[in-house]
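Read off the chains here:
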Amino acid sequence: MSGPTSEYVTLVSRDGFEFIIPRNVACVSGTIRRMLDPSSKFSEGLTGRCVLDEFPGMVLEKVCEYLCYNDKHKNDINVPDMDIPPELCLELLMAADYLDV
Amino acid sequence: MAAMRARHKIRAPKRGVSKKTEDFDSIWTDLSSFLTGINTKEYASLEYEDIYRLAYKIVLMMRAPDLYENVKQLEQNWLQTSVQAIVTDSISASLIRAEKSTDAQDQSSERREEGEKFLTALKVAWEDYQFGMGMVADVLLYMDRMVRSHDHPPIYVVCMSLFRDHILRSSIRPSSNLTVLDILESTILFMIQLERSGHLIERPLIRHCIQMLEGLYETLTEEESSKLYLTVFEPAFLNTSKEFYRAEGQRLLEIGDATTFCRLTTQRISEEQERCRFMLSTATEPKVLDLLDSELIRANIEEVVNLEGTGVRHMLDHHQLDGLRNVYVLNRRVDNKKSALTKAVQKRIVEMGKEVNASSILLPQAPAPAEKDDESEKKPEKAKDKEKPQNQQTVAAIRWVDDVLALKKKFDDIRANSFSSDQGIQASIGASFAEFINLNPRNSEYLSLFFDENLKKGIKGKTESEVDALLDNGITLLRYIKDKDLFESYYKKHLSRRLLMKRSASMDAERQMISKMKMEVGNQFTQRLESMFKDMTISEDLTANYKEYVARNGDPDQKPVDLEVNVLTSTMWPMEIMSNVKEGTVRLPCIFPREIDALKQSFERFYLDKHSGRKLSWQANMGTGDIRATFIRPNGKVQRYELNVSTHALIILLLFNDVPDGESLTFDDIKNRTLIPDHDLIRNLQSLAVAPKTRVLKKNPMSKDVKPTDAFSFNHEFHSPFVKVRIGVVSGGANKVENKDQRKDTEKKMNDERNGSIEAAIVRIMKQRKKLTHSQLMTETLSQLSARFVPDVNMIKRRIESLIDREYLERVSEEPPTYGYVA
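From first to last, the protein sequence lines are chains A and B. So in this note's numbering the end of the first sequence lands on 101, straight run, no missing numbers. So in this note's numbering the end of the second sequence lands on 1823, straight run, no missing numbers.
Chain B with its partners taken away, still in its complex shape (with noise of 0.2 Å):
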């Protein structure tokens, strides 16, 4: 390649034919005259190859640094002569004045004038100029090519620092400190006063300064964060905006409406945003947002919250979903976990809960105020006026839960409408209902009773979606109750009534409602639950085979009686309550009659045949049975009705069967025959001799309450409408909210239960741990038994004494405090 490269020649260079001296003075000459040509605008003659041309001899005669300085020279005594002169005119004498008061209002429409023409001056000749030099810097490209690498900036960075010195850095006046830069700044910060105040700007020809002080650096290296933007206007700016916003927050506050100042509030900043992006920079957007944030918002919001008469009070009573969406945007912006929200959102929940707990106590209690003591104790006499309290009782229960479902709902739709379904306000708000709910001593109870109330009829003609709901929002409720436990031993005995005494709608729902709360609690929750479903399917079919082997070896003399059974298993129904037997005292069965008790004998032979070793007690409060009794009225007539009557009715009912007509039974009788307790009995005789529509027996002397001296005969004068009559257990059968009697039982029960849940808890810890501080052991059982209640730490330490005590534990250090499990 070498070779064949020198075989040609190389031609040199020509030189342009040029006509004109090639010397640096002619040439600058000639440069500085198209220069000025640019300058004053003068393009028509203009050539860019000539110009150029120019400036390309110049650098190859070396002479670029020459060059470089008398350009500056040039458009430096081109913005002194000219350009100065044309914007410092353009101030009028009361900006001057204006710009040493801050107060915007004054000689506002003036100043707004001068301002603008300013503006407009100053604006113009920063275009002419920028564009200008623009041409400047294209034509000496060749130029800056050379010198840059002399470590002198682009030329046209140099002409932009010019105009900044001598533009905006010099005095507007020979005698003044101001410089053009102070006027441009008052003068906007006074335009963008205007604008907040409501007035229209020109916003275009503010956008234009704010450009060219964007497009000027303080040094010559052009750093992003040198601009004269961020230098200089950028914090005069926030200044100003965060003292207005300040007083603006004042000015709101005096106003004193919620709705207006979040409608206000976020109207600016929406306003700021907007004229971040139209007029200033985008940049300053976060910076002004911010500053509106925490002098407009974060130190009012708490304020405004709880303005009296206005604040979020007001609209969640009012159901203002706009106005709370507002307050929860603005709250938003400044705390992520809108805590001044969230609290007066809490405080009116556990308020208004309280409410919906008061008017529950308050309700039975109104329309009985005499009956004080029928509330603190059962006179079993006056059962019967009990009833109507009690009955007022549940409906007040049913209603509790009806309100504070209502409550539930309308938080849930302001939080779905107005906090953008806010996870921690969820959470918050299901706190404060958990609080108040838990306020009420009585909530598993009236929970309890709200789906007995449900099962038994409130589902009847409902669709399987509601019913569905319905059951949800229960156990939504259910979730927030804490002492879990208290409410499966409502539930239980609840349920257990409704299948015993087969009141329930739909075995479908209960299924459903079963498996609801499994979901919600937990397996071991409803396993008691669920073992009694079994024990009634179990008994179904043990009621069909018992019909099958009576009919195989039934004894053919005996009357036909339909039996039909339930066998439960004892530990996993509420026995204790459906036995109403205090603890202690010995409990004797009754004694049944002798039809009866032939079937109930071989019931039990059939039974234990099957299943040998097992125990059979019957229960004879729960069970009802059907009779056919006659009666014969004085004209001789005789009148056939078939009585619904419970199985202790039954019973007494059977006993007159050997009475001659016309004599009577006393009371004391009647329970040494049969042994039924007392208090059954009483129940049993008043709904039989005392109940108007069923009055098969009559009493001597005829009264409400039933006395140990009564005589009971049979009414033959009993008439009903019906040949079948139900006759039902005065205030037995129906779930009724307790008494305090019957609460301190469950109490009690609940108490004992809990405890032994709490050693159970306590030696599968220790079981598994061996060893186990006190703290430790405390937090573990408390974590391991948060699922069904919340246990008193006093209730703990004791279980833990007691524990010790039958040497189950053993302490093995005192400093800390420790356990230690004996195997």
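This is chain A alone, in the form it adopts within the complex (with noise of 0.2 Å):
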């Protein structure tokens, strides 16, 4: 489920929580896509797997969970609105910020 050409990457939080979702939807994020670079040496590269640090799980969820909403929806118009708990929304912008989504 990883390495440097899998489909799908592992995206890891500080609370040791593992979502694995496809590159391709990881990648709308420009700090996970240079971090997946394969071209450029770094061990995210190498072997697929992202500890991103700075976030518990719970925020982490609902960053893929918009990530795999993004793609779902990426050709439509009109999407429907996500749903997104208000107590977690400034936690969210940040990773928004962090991430580059």
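These aren't lab readings, by the way, just hints derived from the structure by calculation. Treat each hint with caution, since some may be false.
Said to hold, decoys possible - Far from chain B, by Cβ distances over 10 Å, these chain A residues were calculated: (1) Ile20; (2) Met35; (3) Pro80.
Stated by the list, open to error - No farther apart than 25 Å at their CA atoms in a straight line, the calculated lysine-lysine pairs in the BS3-like style are these: (4) Lys1287(B) / Lys1242(B); (5) Lys41(A) / Lys1072(B); (6) Lys1242(B) / Lys41(A); (7) Lys1354(B) / Lys1482(B); (8) Lys1041(B) / Lys1117(B); (9) Lys41(A) / Lys1748(B); (10) Lys1748(B) / Lys1482(B); (11) Lys1797(B) / Lys1744(B); (12) Lys1242(B) / Lys1482(B).
Here a beta-carbon is modelled for each residue, glycine too, at the ideal position from N, C-alpha and C.
The task is to assemble the complex, starting from two chains supplied on their own in separate frames and drawing on the hints.
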């Protein structure tokens, strides 16, 4: 499920939750895309495993949900709103900033 | 919504549990060690997330500008301390020396090796640096996003400019002014020079260095036009290329072989294309080709085309299609009109055309140089002698047309094969053909003779398409002839002979010919020719009707004589040519013997019954008759022959019916009793009494010429292997080239006709315009008439004068000269 050429990548939260999502979905984030760029020599690119120390699992889960949601509706118009729990929104904003989504 | 949100408590973002102290300096220490790791390629320990987070933290501390400056400083130090040394060390002393001398050939192999070493070092340094900076820029993404808003270029761009300033623009030796860039440039140019002179070089290496130059910009804003490649290398490259190709052009010219020149040049072009595509930049391709075009081709093409012995002329003569194609392609590159090539081709066509013209004039004169006076005036006594050169002239005429056609075909071939059917060249080839064809004053006559010959004999046994092609060829030539009216009159003359004497091989072909001419030249042109055909058809009906008429109320006492009449409209047929009468002399109708006369009157009655008010005039010299003659041999045997003779000869022979055997008639007798014009009479007597195979009459004294004092008697010893004998008229019927007198005649008639056409055109124009200036009238008249002939300007002037005299026109004003139409 990992490696530089695998179709899926693993995102790991600070508290150890692992989320496995398709590579192209994950690469919507500029940060993750650069992290995984196989032509660079960073260890994330080689293993396909990104440890995101900045976020707890709860936030990362929402991030992954958004990434998938984004991918699912990328060609649609009139996309339904995604459900964002208000208590997470500030942290999500920061995550979005960090990940360049 | 607001109320709902208010109920929930928003979680404050928790900071990660950081073990490190959160001040700028300590984070920077960590970060800079990572960045150095990138530079030294120690990637093993690098985790993107770590570095990114470090940078992120610094930016969150609002210290992004500091980070930016620090990174910049770090990379600059790195370049100055380690990379620069590697690069400058790779530059050997010989490269520096060589930089000063542009002569590529000295110590080429040494320099080449050194150069490759240097290029490799530079390439490796660049690639490593570029790759590292890619990673640095990636991890500092967050910082970039923050600082870009502050008018700073992205860190990657800054780092690239650092490389430019501290590696490429650095001096190679502390004491020297030369920079690495200078050496790079001269080395690459040297390599290219080597390749141009046929050596193999390390293309990918150069390609990488070029890519480096393409990836670096003069300014931080990275405009397309400020690429180092464009600002530094390309001009230098173009300069060297220019010099190289100027020298190359000289060198190739000195070789002095057009074929080689074209081949090598074509090769150079493709080499440069390839070079630009695989080694330099595609953007350079048009520039360097442009240069090549101007230096190598434009400067030299004219000389090449005209090279003695190998130039276009030589290629044309030896049918070197490939060579011509090369020349064409080269010439097209520099000149859309291909003027150099076109000029050469035109010149050659005209030359060859003149040769053809000359040979057609020379040929008839060569075998009969002694008979010069025959050429100048037609002496009736020598008619028989004349036949030879005249025949030869006919042959020459046909040969001329054939030659011209062959020439035309040759150039069409060349054009199709070598000049990719170029329109412009086609036009100019056409113009050249027109030029030399019109140089031959007898063009119309020759062409008409050509048609005549082919329609009489040439098309026998040929398929329809062959005939078609043949006629088409002729028509093509007709297109080039300026004086189409002259051609028309010749054609008419020849056609009338063919029709009346039934010499035409195929009426279909004749009709086809007419319709082709119609398409080519227009309705007006063929109108008269068509009406000639119509006359022939009407005459056929008429003859049939007359036969019926005779059968119904024919006189039983008459010996039945078959009559076939062609009634011709005198305005449509070239009467004056047929009747051989000079203007001004009154022509007496010849006296028909009573048998014929009765027939004639009977037909006239019949015809005038049908069409009252018309006048029939009999053209005896155009007809033929069949006569059954009885010869009594000395041994008493009777031998009968059917003689096919001309009408005149028929009349003459019928005279002898009334002459007792053994007695003779003198020339004057015959003349007085028949009133046949001298000229025709002589010819007919010649064929009856002189021609060895058809000697029906005896002449006394026996000689070739017919003199007024000669006496003629019936020759009972006439002998022939056939029962039917055809007795032709000497030098009469066949279509020959005209002699000078006839020519003058024709030209005179032509002039008269032209005068008429010009006047008609002028009056037409003026009737429509009422008032017109002189120059406008001229142009309009010329354009109206150009389809038929090219009138002489003086001729038009004289016509205008004459029209004014006759009060069709009037002078309206003098300044500018203007004419008005008088109704």
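Against the structure, the hints come out as follows:
1. Ile20: holds (17 Å)
2. Met35: Contrary to the label, Met35(A) does not stay out of reach of chain B, its closest Cβ about 4 Å off (not over 10 Å).
3. Pro80: About 16 Å separates Pro80(A) from the closest Cβ of chain B, which puts it past 10 Å; holds.
4. Lys1287(B) / Lys1242(B): Holds. Lys1287(B) to Lys1242(B) sits at ~11 Å (cutoff 25 Å).
5. Lys41(A) / Lys1072(B): holds (21 Å)
6. Lys1242(B) / Lys41(A): Violated, because 45 Å separates the two Cα atoms, which is more than 25 Å.
7. Lys1354(B) / Lys1482(B): holds (17 Å)
8. Lys1041(B) / Lys1117(B): Holds, at roughly 22 Å.
9. Lys41(A) / Lys1748(B): violated (100 Å)
10. Lys1748(B) / Lys1482(B): OK: Lys1748(B) and Lys1482(B) at ~17 Å, within 25 Å.
11. Lys1797(B) / Lys1744(B): Satisfied, since the Cα-Cα distance of roughly 23 Å is no more than 25 Å.
12. Lys1242(B) / Lys1482(B): violated (49 Å)
The structure is inconsistent with the numbered hints 2, 6, 9, 12, although it conforms to all the rest.
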